Amino acid sequence: DQQVKQNSPSLSVQEGRISILNCDYTNSMFDYFLWYKKYPAEGPTFLISISSIKDKNEDGRFTVFLNKSAKHLSLHIVPSQPGDSAVYFCATNTGFQKLVFGTGTRLLVSP
Amino acid sequence: DAGVTQSPTHLIKTRGQHVTLRCSPISGHKSVSWYQQVLGQGPQFIFQYYEKEERGRGNFPDRFSARQFPNYSSELNVNALLLGDSALYLCASSPSGGELFFGEGSRLTVL
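For the protein sequence lines, the chains are W and G, in the order given.
Here the first sequence stands for residues 3 to 113, numbered as in the numbering used here.
Here the second sequence stands for residues 761 to 871, numbered as in the numbering used here.
Just so you know, not all the hints are guaranteed correct.
Only pairs whose alpha carbons sit at most 30 Å apart, straight line, appear in this in silico DSS-like list of lysine-lysine [claimed, not checked]: (1) W/K7 <-> W/K70; (2) G/K812 <-> W/K100; (3) G/K773 <-> W/K100; (4) W/K73 <-> W/K58; (5) G/K790 <-> W/K100; (6) W/K56 <-> W/K100; (7) W/K100 <-> W/K7; (8) W/K100 <-> W/K58; (9) G/K812 <-> G/K773.
Calculated from the structure, these hints are not laboratory results.
This structure is a prediction, so every number in the text was calculated from the model and none was measured.
Same shape as in the complex, but just chain W (with noise of 0.2 Å):
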């Protein structure tokens, strides 16, 4: 049972317009989420965080929603680059570090 689901495999993006990324959770005890990045060959990278007390997390191009209500947070990459193409993964966390993630979402920006 998906605690974290991630419904989109994939997204297709031109370079220069927003990419947003979805994520819906379904306990409304997770309080706090992050998105990882993963490239081939490398390990997830952490990208950006929110706690439930926010509803927004701004980190340069990149800015993470949270509507508590709907369990639902999504992600916005503005502008999008190709060097953003990778997969990202939503992630809550249950306990002491340990994360629950996402099935992922690819993205694809094409120049």
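With the hints as your guide, set chain G onto chain W.
Showing chain G alone in chain W's frame:
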């Protein structure tokens, strides 16, 4: 500074064999976690160790075991390998809390 290093990077085993995967955390990091990533899925939590003690265990059979050494490096052992154990095994380290830093992983193929 060296990141999280894992060895071997690739290995092939046959069903019923045993495998040992190794992980060296970032210098100064006392916590090590192990994750299994099956193709097309997100990483799944296996174990977390802090100061040489097991702090968390995921939903994996007893064939999976791990330990952490005094220098904070770690081993993941899997006995009686099954075809379904074929996956990318990721190690992550962190200081006492906070962000996880992942290694590039050990890709295990079971034939």
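To see whether the hints hold, each was checked on the structure:
1. W/K7 <-> W/K70: holds (15 Å)
2. G/K812 <-> W/K100: With Cα atoms ~16 Å apart, G/K812 and W/K100 stay inside 30 Å; holds.
3. G/K773 <-> W/K100: holds (28 Å)
4. W/K73 <-> W/K58: Distance ~14 Å between W/K73 and W/K58 Cα, so the pair holds.
5. G/K790 <-> W/K100: holds (15 Å)
6. W/K56 <-> W/K100: holds (21 Å)
7. W/K100 <-> W/K7: holds (17 Å)
8. W/K100 <-> W/K58: Holds, because 23 Å separates the two Cα atoms, which is no more than 30 Å.
9. G/K812 <-> G/K773: holds (28 Å)
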